[in-house]
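Residue numbers (our numbering), protein chains in the order written: chain A, 93 to 194; chain B, 93 to 194; chain C, 93 to 194; chain D, 93 to 194.
Heads up, a few of these hints could be off.
Since the list can't tell identical chains apart, any single copy or any two copies may satisfy a pair.
[Claimed, not checked] List of simulated lysine-lysine pairs, DSSO-like, C-alpha gap at most 27 Å: (1) Lys176 - Lys116; (2) Lys127 - Lys175; (3) Lys127 - Lys176; (4) Lys194 - Lys176; (5) Lys175 - Lys116; (6) Lys194 - Lys116; (7) Lys116 - Lys189; (8) Lys192 - Lys116; (9) Lys189 - Lys175; (10) Lys176 - Lys189; (11) Lys116 - Lys127; (12) Lys176 - Lys192; (13) Lys175 - Lys194; (14) Lys192 - Lys175.
It is worth saying that the hints were derived from the structure and are not from the lab.
Number of protein chains: 4
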Amino acid sequence: MAIVQVSIVPLGTGSTSLSSFVAKVSGWLEAQGVKYELTPMGTILEGDAPEILSLIAQMHELPFLEGAARVMTLINLDDRRDKKATAQGKVESVARKLGKIK
Amino acid sequence: MAIVQVSIVPLGTGSTSLSSFVAKVSGWLEAQGVKYELTPMGTILEGDAPEILSLIAQMHELPFLEGAARVMTLINLDDRRDKKATAQGKVESVARKLGKIK
Amino acid sequence: MAIVQVSIVPLGTGSTSLSSFVAKVSGWLEAQGVKYELTPMGTILEGDAPEILSLIAQMHELPFLEGAARVMTLINLDDRRDKKATAQGKVESVARKLGKIK
Amino acid sequence: MAIVQVSIVPLGTGSTSLSSFVAKVSGWLEAQGVKYELTPMGTILEGDAPEILSLIAQMHELPFLEGAARVMTLINLDDRRDKKATAQGKVESVARKLGKIK
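Same shape as in the complex, but just chain A:
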C-alpha cells in the first residue's frame, strides 16, 4: 500500500485562488467513491501505486476541463512493502513516540 500526496496547481488562471479547483477535484473523488484526506498543501490518497497513479492521471485532467491551459501536478508517492502502512498510522506512530497517545 502506498501513501500518496498530490497537489494539482493550475497556472496562468488570472486568479490567485485555487480553492475552487481543489473543490472540483475533491467532489470528483467523492463521486468516484475514492477515500481521500485534504491537508493544507495537498490531497492524501492510499492504495496500490499503479492504481493511484492512474487515478491521478484522471484528476490532472479536471482543471483543463475548467479552462486551465497549464497545470502543474506534484506527486509524492511513499510506498512501503515490509509492513502495512496507512496514512493515519504514520501520524500515530510519531504521536506515540512523542508520548501523546499510547
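With chain A's structure known, arrange chains B, C and D on it following the hints.
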C-alpha cells in the same frame, strides 16, 4: 504569511522507518515553541517565508545529529500576499465550496 | 505534451549512494526505447501525461526488484496545452531572454 | 555540500508562461555571482544548506517585485556529508555505471 510543508527524509539509514526521526524534529519544534501540524506526508508550518526557511535550515540538521549521513529535505512554500491565508483557512475554503461547512 | 521530472528514492537501504538504483532505472528506460534526460536531481521525461504516469508506475517498481523495501517517488508534471512545449524549449526560452542565444 | 533544486512558480499571473520570471531570477543569480544550472524543471544550486536556503529566501521575493501576488516555491535539498558530492558528479556517477563514460 506563507504556508509551508517540509518533509525531512534521512537516506541510507538501514531502517525503513522514519517515525523516530520525525518525532525528534517534532519534539524540537515543540521545545522551540513553534506551532506545527503533522500530516501523513510532512510537517506544516506558517509564518514569514525567510523565517520559516531559516527554521527549516535548523530542522534539516537534526537527523545528522542522530547519525544520518545523507538527508533529503523537501519544501513546498506557498506564499500569498493579496490576502491573509492560513493553513486551516485553505482547507476550510474547500470544505465550504463542497457544502460541508458554512 | 507534458514535461515531467521524476526522482525515485529508495529508503532504508543501508547505503547513502543512490547512483546504482538510478542507473538501473536509466538502463531500463533505454531498453524500452524511452528518451530521457538525467539532471542532478531527477530524470526528465516528455509525453502525454497519462502515458508518462503509467511509465513511472513501472519505473517505481524497479528498486523493489533490487531489494528495496520502501521507495519514495517524487513527480513534478508540468503540462501545458496552449502551445507545444518541450524540455529543451523551456531552457532555451529562458536563455533567449537572458540574451545568451538568439 | 548540498545539491539543491529550486522551482519558483508564480500563481494567478494571467499568463501560462513562466520564462520571464525564471529569466529574472537567473539574471539576479548572475548579478550576485552565484553559480547555477538551469534544467527544464528548476534551478540547481550547490553549497552549504543554510546559505542556500537563505539565498532561496531572496530568490523567492523576486516574483513579488514583478507583480505576482502568490508564489509557490518548491525546494529539494539533497545533503550528503559522508563524501564530497557535486551536481556534476551525481550525473557522472550514473553515466559511469551505464558504461557511457569511464
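Give me the numbers of the hints this structure contradicts, sorted from smallest to largest.
Failing hints: none at all.
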